[in-house]
Amino acid sequence: MSNVFIAFQANEEARPIVEAILADNPGAKVDRSPALIKIDVPHKLTIRRQTIERLTGQPFDLQQIQVNLVTLSGHLDEDDDQFTLSWKH
Amino acid sequence: MTIDIRTRTIEPLRPTYEHVARYIGEGKIPSRYEEATMGAQPSANFHYRPTWDPDHELFDARRTRVVMSDWYKLRDPRQFYYASWTMTRARQQDAIEANYQFVEQRGLVDKMPAAIRELACSVLMPLRHVAWGGNMNNTSVCAYGYGTTFTAPAMMHALDHLGAAQFLTRLGLTLEGPDVLDAGRQAWVESPAWQPLRRYVEDTFVIHDPFELFVAQNLALDGQLYPLIYDTFVDDHVALHGGTAVAMLTAFMPDWFEESTRWVDAVVKAAAAESDANRTLISGWARDWAARAEEALRPVASMALGETAAGALEDARAELDARLVKAGLA
Numbered sequence: 001m002s003n004v005f006i007a008f009q010a011n012e013e014a015r016p017i018v019e020a021i022l023a024d025n026p027g028a029k030v031d032r033s034p035a036l037i038k039i040d041v042p043h044k045l046t047i048r049r050q051t052i053e054r055l056t057g058q059p060f061d062l063q064q065i066q067v068n069l070v071t072l073s074g075h076l077d078e079d080d081d082q083f084t085l086s087w088k089h
Numbered sequence: 001m002t003i004d005i006r007t008r009t010i011e012p013l014r015p016t017y018e019h020v021a022r023y024i025g026e027g028k029i030p031s032r033y034e035e036a037t038m039g040a041q042p043s044a045n046f047h048y049r050p051t052w053d054p055d056h057e058l059f060d061a062r063r064t065r066v067v068m069s070d071w072y073k074l075r076d077p078r079q080f081y082y083a084s085w086t087m088t089r090a091r092q093q094d095a096i097e098a099n100y101q102f103v104e105q106r107g108l109v110d111k112m113p114a115a116i117r118e119l120a121c122s123v124l125m126p127l128r129h130v131a132w133g134g135n136m137n138n139t140s141v142c143a144y145g146y147g148t149t150f151t152a153p154a155m156m157h158a159l160d161h162l163g164a165a166q167f168l169t170r171l172g173l174t175l176e177g178p179d180v181l182d183a184g185r186q187a188w189v190e191s192p193a194w195q196p197l198r199r200y201v202e203d204t205f206v207i208h209d210p211f212e213l214f215v216a217q218n219l220a221l222d223g224q225l226y227p228l229i230y231d232t233f234v235d236d237h238v239a240l241h242g243g244t245a246v247a248m249l250t251a252f253m254p255d256w257f258e259e260s261t262r263w264v265d266a267v268v269k270a271a272a273a274e275s276d277a278n279r280t281l282i283s284g285w286a287r288d289w290a291a292r293a294e295e296a297l298r299p300v301a302s303m304a305l306g307e308t309a310a311g312a313l314e315d316a317r318a319e320l321d322a323r324l325v326k327a328g329l330a
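Respectively, the protein sequence lines represent chains P and V. Quick note: the first sequence, position 35, residue 35 per the working numbering, numbers continuous. Quick note: the second sequence, position 193, residue 193 per the working numbering, numbers continuous.
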């Protein structure tokens, strides 16, 4: 089984993104280091715009995650509503 | 000699303050909104009663007839605290600046038919005074209301009203010049068409109950005024008759109305869900003030829209009624 992962700077802007990932990806394992939050999920990780908007009560553009994004691994598939990492082509 | 650099994570003993933890649960990491808002209302050790109101404490939940076991239930779905609110409004300000630049560079104001420019001014300029009334009233809600989740967004809402008034002022200066502002004030205090609305605004100034004031201003009046003026009059009527520039320069208002509606609805919904007594009380206020606001807007609507005024006013009222039903205020 191979993991995909994504890491953000640990700050207020990244917080709802992390919470949304944990809510949408049941197998997610979160690792909180100083100033960095890394999330590992087996096979596939999805970030949904709708989930983030529900948490913050504000409109969210998925491109905003780039501001606090540190690193990621996996093949990326993204559109306006979701951002998915997996090892599938 | 080798130096081994390692990171050590130090777990804080408590993730937040006790007065915040009391509302969100022990051991949970609060959002900035929760940390800035929950448990912030002064509630004890007031010592002296205010000389201007000796029947109440300085901060007193009994100034309104609405009864809540916990005033922090009236949460703002937008989760605004000072920083997130100012950043949102700064972005909107930038967007309006860009619109101004667009309109000015292309000389769109001069390309507008003179009649539509005059109509836009005669309807929109007196509304500066209505927006100022909204500023006064929401400041009052903040001053006499209880619970930071309720009062803090009311203060931001008050300043948003001031922002709307300033956008209208700037619009008048762009369309015609300083004289149009005086003409607007003259119409506000003298023209028969504006007197019912002026009476409504001035009557709300003396409502003592902060929650009733909240309903009369933010729900009953703004809930009909904004759809009527900015959706129907500016975006449909004026824009269709060559006044797109006006719609561009007032773009903040419908956006802001749509956004703040979520807050207003959430507040009345949570308060009504608390008890049947609250529900009856708030429904009564909403019904009475909405009917008065509708009548107050009638002469303004017919000045703005002519023959289609009655239908537009009905639509605005229907929109408000649908919100009331959704908030559980049948």
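No lab work stands behind these hints, which were simulated from the structure alone. Take these hints with a grain of salt, some might be off.
[Stated by the list, open to error] Calculated lysine to any residue pairs in the SDA-like style (CA-CA distance at most 20 Å, straight line): (1) Lys28(V) with Asp81(P); (2) Lys44(P) with Ala7(P); (3) Lys326(V) with Gly57(P); (4) Lys29(P) with Gln101(V); (5) Lys38(P) with Lys326(V).
To see whether the hints hold, each was checked on the structure:
1. Lys28(V) with Asp81(P): violated, 29 Å
2. Lys44(P) with Ala7(P): Distance ~15 Å between Lys44(P) and Ala7(P) Cα, so the pair holds.
3. Lys326(V) with Gly57(P): holds, 18 Å
4. Lys29(P) with Gln101(V): violated, 49 Å
5. Lys38(P) with Lys326(V): Roughly 41 Å between the alpha carbons, so the hint for Lys38(P) and Lys326(V) is violated.
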